[in-house]
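K.L.:
What follows is each chain in one-letter form.
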Amino acid sequence: MDITTLIKLTNGKLITNTKTEDIDIEFAMASDLMSDVLTLDTVNTMLITGLANLQTIRTAEMSDVHCILLARNKKSTPEMIELAEQNSIIIIESASALFKIAGILYGNGVKALF
Amino acid sequence: MMKLDYKIEGGDFTNAGHASSEVKKVLKKLNVDPKITRRVVVSLYEAEVNVVAHAYRGEIFVEISTNKIIIKLVDEGPGIHNVDQAMEEGYSTASEEVRQMGFGAGMGLANINKNTDELNIYSEVNKGTTVEMITYLDKN
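Chains as they are written, first to last, in the numbering used here: chain B, 1 to 114; chain P, 115 to 254.
Keep in mind the hints are simulated off the structure, nothing from the lab. Since the structure is predicted, the reported quantities are computational estimates derived from the model, not experimental observations. Some clues are possibly wrong.
To be verified - Below are the DMTMM-like pairs computed for lysine to aspartate or glutamate, each with C-alpha atoms no more than 20 Å apart in a straight line:
| id | chain 1 | residue 1 | chain 2 | residue 2 |
| --- | --- | --- | --- | --- |
| 1 | P | K182 | P | E232 |
| 2 | P | K149 | B | D36 |
| 3 | P | K139 | B | E85 |
| 4 | B | K19 | B | E82 |
| 5 | P | K149 | B | E82 |
| 6 | B | K74 | B | E21 |
| 7 | B | K8 | B | D36 |
| 8 | P | K142 | B | E85 |
| 9 | P | K149 | B | D41 |
Claimed, not checked - These stretches of chain P come out as covered by chain B in the derived footprint (C-beta under 8 Å, 3 or more residues):
| id | segment |
| --- | --- |
| 10 | 147–157 |
| 11 | 180–186 |
Note that CB positions come from ideal geometry on N, CA and C, so glycine has one too.
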């Protein structure tokens with residue numbers, strides 16, 4: 001799934017000024033536990049989370065995750081945006097709950113990992 | 115052989131992951147296989163977060179040679195009372211602050227163990243802990 005479709009489906013807002021054209025989402029993981037995210041060994045995976053801090057971005061960086069969707073109105077800080085942009089990671093914010101976002105994306109073909 | 119050295123401050127969650135990020139950049143420049151790079155930096159990041167979460171201060175020593183990467187984290191801190199127990203998935207002594215950062219579920223050491231070819235932990239209570247992680251570049 002391309003980022004434009006993803007944003008439209010989740011009623012999201014793109015926060016970062018990172019190139020989005022090359023990103024194609026195949027899998028998603030929904031978690032607030034970063035150690036869980038760090039067990040990933042797939043590519044083209046996005047993270048849906050309610051955890052908005054610098055370690056969310058660091059975790060994505062280490063796990064080769066290039067798209068983070070912050071659910072339920074969680075806001076990214078300027079430091080998070082800066083770190084994300086440095087690492088070609090995009091941040092999307094959405095007012096919808098994590099459960100709803102996960103349901104919509106799953107229903108539209110984004111696959112679960114486990 | 116390339117040697118890198120980074121300092122870590124206990125409790126400094128803002129900079130946790132900085133060293134892992136730098137090592138990732140170096141491995142990318144050296145054209146190390148992305149899958150191996152991911153295993154190395156995930157282990158290092160978990161270990162770095164452990165030092166920030168539990169120790170007073172620490173230092174990371176990285177040695178990159180043609181056939182292996184050796185990373186040693188040496189910290190001054192409370193040490194680990196029972197290393198075997200700490201290795202068990204789900205066992206954690208992390209503070210509420212650490213849990214709020216998305217860690218502290220007792221998965222760190224198990225995750226490190228999964229992602230390294232060799233893991234050695236030496237710890238002395240009330241003194242500190244040394245974690246040595248070795249990844250072979252020709253075996254993977």
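K.L.:
Checked against the structure, which of the hints given earlier come out wrong?
P.N.:
Of the numbered hints, 5, 6, 7, 11 do not hold.
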